[in-house]
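**Student:** Take a look at the letters that make up each chain.
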Amino acid sequence: MTTDSSHDGVVHHAPGEHHDHDHDHHGPAYGLMRWITTTNHKDIGSLYLWFSLIMFFIGGAMALVIRAELFQPGIQIVDPMFFNSMTTMHALVMIFGVVMPAFVGLANWMIPMMIGAPDMALPRLNNWSFWIMPFAFAILLSTLFMDSGGPAGGWTLYPPLSLQMGDSFAFVIFAIHFMGISSVMGSINIVATIFNMRAPGVTFMKMPMFVWTWLITAYLLIATIPVLAGAVTMLLTDRYFGTSFFSAAGGGDPVMFQHIFWFFGHPEVYILILPAFGIISSIIPTFARKPLFGYDSMVYATASIAFLSFIVWAHHMFTTGMPLAGSLFFMMSTMLISVPTGVKVFNWVATMWRGAMTFETPMLFAIGFVIMFTIGGLSGLMLAITPADIQYHDTYFVVAHFHYVLVPGAIYSIMAATYYWIPKWTGNMYDETLGKWHFWISTVFVNVLFFPMHFVGLAGMNRRIPDYSLQFADWNMVASIGAFGFGFSQLLFVWIVIKCVRGGKQATDEVWEGARGLEWTVPSPAPYHTFETAPDITKYAVR
Amino acid sequence: MSSTGANAYYVPHAARWPIVGSIGLFVFFWGFANWLNDRPLGKETFFLGAIVLVVMMFGWFGDVIRESESGTYNNQVDTSFRMCMMWFIFSEVMFFAAFFGALFYARTFSGPWIGGDGGGGAPVTNELLYQGFSYVWPTNGPSSLGGDFQQMGWFGLPLINTLLLLTSGVTCTIAHHAIQHGDRKKMVRWLGATVALGFIFVGLQAYEYYHAYHGLNLKMSSGIYGSTFFMLTGFHGFHVTMGAIMLLVVMLRGMKSHFTAKNHFAFEAAAWYWHFVDVVWLGLFIFVYLL
Numbered sequence: 001m002t003t004d005s006s007h008d009g010v011v012h013h014a015p016g017e018h019h020d021h022d023h024d025h026h027g028p029a030y031g032l033m034r035w036i037t038t039t040n041h042k043d044i045g046s047l048y049l050w051f052s053l054i055m056f057f058i059g060g061a062m063a064l065v066i067r068a069e070l071f072q073p074g075i076q077i078v079d080p081m082f083f084n085s086m087t088t089m090h091a092l093v094m095i096f097g098v099v100m101p102a103f104v105g106l107a108n109w110m111i112p113m114m115i116g117a118p119d120m121a122l123p124r125l126n127n128w129s130f131w132i133m134p135f136a137f138a139i140l141l142s143t144l145f146m147d148s149g150g151p152a153g154g155w156t157l158y159p160p161l162s163l164q165m166g167d168s169f170a171f172v173i174f175a176i177h178f179m180g181i182s183s184v185m186g187s188i189n190i191v192a193t194i195f196n197m198r199a200p201g202v203t204f205m206k207m208p209m210f211v212w213t214w215l216i217t218a219y220l221l222i223a224t225i226p227v228l229a230g231a232v233t234m235l236l237t238d239r240y241f242g243t244s245f246f247s248a249a250g251g252g253d254p255v256m257f258q259h260i261f262w263f264f265g266h267p268e269v270y271i272l273i274l275p276a277f278g279i280i281s282s283i284i285p286t287f288a289r290k291p292l293f294g295y296d297s298m299v300y301a302t303a304s305i306a307f308l309s310f311i312v313w314a315h316h317m318f319t320t321g322m323p324l325a326g327s328l329f330f331m332m333s334t335m336l337i338s339v340p341t342g343v344k345v346f347n348w349v350a351t352m353w354r355g356a357m358t359f360e361t362p363m364l365f366a367i368g369f370v371i372m373f374t375i376g377g378l379s380g381l382m383l384a385i386t387p388a389d390i391q392y393h394d395t396y397f398v399v400a401h402f403h404y405v406l407v408p409g410a411i412y413s414i415m416a417a418t419y420y421w422i423p424k425w426t427g428n429m430y431d432e433t434l435g436k437w438h439f440w441i442s443t444v445f446v447n448v449l450f451f452p453m454h455f456v457g458l459a460g461m462n463r464r465i466p467d468y469s470l471q472f473a474d475w476n477m478v479a480s481i482g483a484f485g486f487g488f489s490q491l492l493f494v495w496i497v498i499k500c501v502r503g504g505k506q507a508t509d510e511v512w513e514g515a516r517g518l519e520w521t522v523p524s525p526a527p528y529h530t531f532e533t534a535p536d537i538t539k540y541a542v543r
Numbered sequence: 544m545s546s547t548g549a550n551a552y553y554v555p556h557a558a559r560w561p562i563v564g565s566i567g568l569f570v571f572f573w574g575f576a577n578w579l580n581d582r583p584l585g586k587e588t589f590f591l592g593a594i595v596l597v598v599m600m601f602g603w604f605g606d607v608i609r610e611s612e613s614g615t616y617n618n619q620v621d622t623s624f625r626m627c628m629m630w631f632i633f634s635e636v637m638f639f640a641a642f643f644g645a646l647f648y649a650r651t652f653s654g655p656w657i658g659g660d661g662g663g664g665a666p667v668t669n670e671l672l673y674q675g676f677s678y679v680w681p682t683n684g685p686s687s688l689g690g691d692f693q694q695m696g697w698f699g700l701p702l703i704n705t706l707l708l709l710t711s712g713v714t715c716t717i718a719h720h721a722i723q724h725g726d727r728k729k730m731v732r733w734l735g736a737t738v739a740l741g742f743i744f745v746g747l748q749a750y751e752y753y754h755a756y757h758g759l760n761l762k763m764s765s766g767i768y769g770s771t772f773f774m775l776t777g778f779h780g781f782h783v784t785m786g787a788i789m790l791l792v793v794m795l796r797g798m799k800s801h802f803t804a805k806n807h808f809a810f811e812a813a814a815w816y817w818h819f820v821d822v823v824w825l826g827l828f829i830f831v832y833l834l
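Going down the list, the sequences are from chains U and X.
Residue 447 in our numbering sits at position 447 of the first sequence, and the numbers go up by one each step.
Residue 806 in our numbering sits at position 263 of the second sequence, and the numbers go up by one each step.
A portion of the hints provided could be inaccurate.
[Said to hold, decoys possible] Pairwise CB distance ranges, derived in the manner of DEER restraints:
| id | chain 1 | residue 1 | chain 2 | residue 2 | range |
| --- | --- | --- | --- | --- | --- |
| 1 | U | THR320 | X | ILE608 | 43 to 53 Å |
| 2 | U | PHE346 | X | ILE788 | 47 to 57 Å |
| 3 | U | LYS539 | X | HIS720 | 42 to 52 Å |
| 4 | X | GLY663 | U | ILE58 | 42 to 52 Å |
Simulated from the structure, these hints should not be mistaken for lab results.
All residues carry an ideal CB built from backbone N, CA and C; glycine is no exception.
Start from the sequences and build out the full structure, keeping to the hints where you can.
**Tutor:** Listed below in structure tokens is the structure:
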């Protein structure tokens, strides 16, 4: 078999087939098989993003079940066991099914374009990374329909409670293994792409921040997902094969699970936010019409956060009764993270300082991110203080904290990224008026939803319990109203995206006046294959 | 990047194997979960999934081998493959790290705590919950789970296994030098020796398990010692099997006149994996058997 090389510099063909029609500007094949067999980074990026959007509504529906139940005290709507499986599944779906795939989808779409690469380094592996996801989630979601019900011990799967789960236990564990395979393969691919596929002249310190943050995120994933796999494997063997890793009767320790789990779990929360930092670092300079302030310090801050994320895990476990030296160490190391994070927030604000700012939808979401993520960051600092955390542990204060960093944090960054890059993806401008409405409605409701949780949390309301004491009733009602408002306002987002895909004002190549980066040098919509020959980066700003 | 075909980055089209892999994994996991819960057809579904996965690997690797042999890949593609294998092995290291972590944690922290050492609430806990239990490694815990057992010593089989694996590392390197000098026949011979040593290792490991269950009453359910012993050595044994199969495939490809002095990444990937398995074993030998 000879290589079937088109004159564009990239060889495309399937083994054993001769693709005369595989010409560079020729579009993709049609029909379902295009999507199943695609190796194109843009196709796979779109698949990830659509998958994430669907899961966002599934996970969101679960959140609404929780908020409906908590609208009033007492057991109102659902059975407590089902309530618990809703809190568990909501977390698993939102973390593994929404935020992570959305970031991987954005990485797929943008990284090759940002570094001037023809595609991802390992295109077939890329296809597999995506096509694992629907199957893994089919297993996970199927547990809700089993006789024993879905997992109800919290997404952290702490033993001994999680070991008391019904038959669905094994399915949950294997679903996590299954997703883990996807994450590890996806990350390896991203690492190989960034190291090996940069166009000549795109040096490390010229890479856009989004590429940098994803490179570091990929390392966090490669290093921690296998540890999660190990932890859940131990759960599985404790349950089905008679081992006693997490049983004191056999000389093991249930707290040991928490150590291993959070060794994964804490880097995981940075996996959920570092790419968001990269997105925000791309958007703010564009709409402030100034280069990113302190690029080098942004890179080093990201790396520091990643390093520190490995030595803070036990701050999730202050109430387990660890030795004092342990508590002190983990308290200090956790507080240390606020230094590089503060550098980032400072740099974003300094980038805006005296910039010629305009407030298109992506910028609104980015500014919303900076403000509300910082609120979540500051409540995190409160939680880092061991004696305070012993009071806050497992209350709604914790729920408020991580929802502030994840919803107006990670989710807002994904929304911002969508508005920012969708003209490049579709060739059409989205409806700016509707986009602004989407931002303002979401921002009002997200605060109505999560801010009162600080109050009920500090007052002592426990998380993961379907009933609560009467004095929490008013704020819970407010939060539930916010939840339904926020949830339904996301339908507006779907409408804006669909409308933009179907048509709209033609986008220019540059799209945004102040935008820098290679992705803005290609036509809108981006052709099916970009940079089949490496771009001459002396002509364009890479970042 | 030049714009001629030979120097272009290879971007394959129409990947058919990934979806087969996804379906295979789905059937495999679905079957395994049903099997564990003693549901009907669980075992059968599990094996069906495993067969689909094997078929997928044959097909996928077959495609890659055909493309490689036909000269489709340039150096940049080769670098991607190398990075992929390198970081895959790193992820495997982290998987073992979880189990080593469990071993160290149990031996350093939780074991002594249950036994009443380590200050804080440990003495009270021991007095109230585990009265009379004092911690000595190896342990099967305060409840003596699985009954009395004997520890697996390091002398004898484990030592022989260590020597076998170390020797196989040497034979593997000799094979590597052979192919670097273009001597494919010598490569095949020494790889044959490596694969044989690998499978002998696995065989001896199986015998060791038999001996543990029937001679020492040491089982997976023998508390934390049995758990860490069997899970660490078991996953290692599984990885040795995988590595030996990889080397076997490389050997068979060598017999079909694949590989040249310059182009033999598959060999190197399998060799890297083999050395990784080797290093993990040294960790096991020290921390599971010796100390």
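**Student:** Between the beta carbons of GLY663(X) and ILE58(U), is the distance compatible with 42 to 52 Å?
**Tutor:** Check passed, 44 Å falls within 42 to 52 Å.
**Student:** If I claimed the Cβ atoms of LYS539(U) and HIS720(X) lie 42 to 52 Å apart, would that claim hold in this structure?
**Tutor:** 47 Å, holds
**Student:** Falls inside 47 to 57 Å, the C-beta gap from PHE346(U) to ILE788(X)?
**Tutor:** Cβ of PHE346(U) to Cβ of ILE788(X): about 54 Å, so the range 47 to 57 Å holds.
**Student:** I want to verify a distance hint. Is the separation of the beta carbons of THR320(U) and ILE608(X) within 43 to 53 Å?
**Tutor:** Because 51 Å falls inside the window, the suggested range holds.
Violated hints: none; the structure is consistent with every hint.
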